[in-house]
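> FYI, the numbering for the sequence shown is 32 to 111, going by my numbering.
One or more of the hints may lead you astray.
To be verified - Straight-line Cα separation of at most 25 Å, SDA-like style, residue types lysine to any residue; simulated pairs:
1. Lys54 <-> Ala33
2. Lys74 <-> Arg55
3. Lys54 <-> Ser40
4. Lys37 <-> Glu59
FYI, nobody ran anything at the bench for these hints, they're computed from the structure. Values in this document were obtained by computation on a predicted structure and should not be read as measured data.
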Amino acid sequence: MAITAKMVSELRERTGCGMMDCKRALTEADGDMEKAIEILREKGLAAAAKKAGRIAAEGIVYTAVEGDVAVVIEVNSETD
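Based on the sequences and whatever the hints tell you, model everything.
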C-alpha cells in the first residue's frame, strides 16, 4: 500500500512522533493506522529515553526593560 503524506500527518497528530518515525511505522504496518500506532508505542520508550539526555542548544534569548522592570526569556528547542 502506498503511504501518503495525509496518512503520515494523521499518525503524527495522533501520536506526537516525528515524521520519519511515522512513515517507517506505516510502511512496516502496510498502511494500517492502528498497527502503526502499536509499532510506535513499542519503539517509543527507547526513542524517548534516547532523546531525554540530549541538550536542546538551539534557540533564542529575548530581553525587555520597561522602567524598573526587566525580563529575560530563553527558549531552546530541538526538531524531530
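> Honestly, which of those hints from before does the structure not fit?
Violated hints: none; all satisfied.
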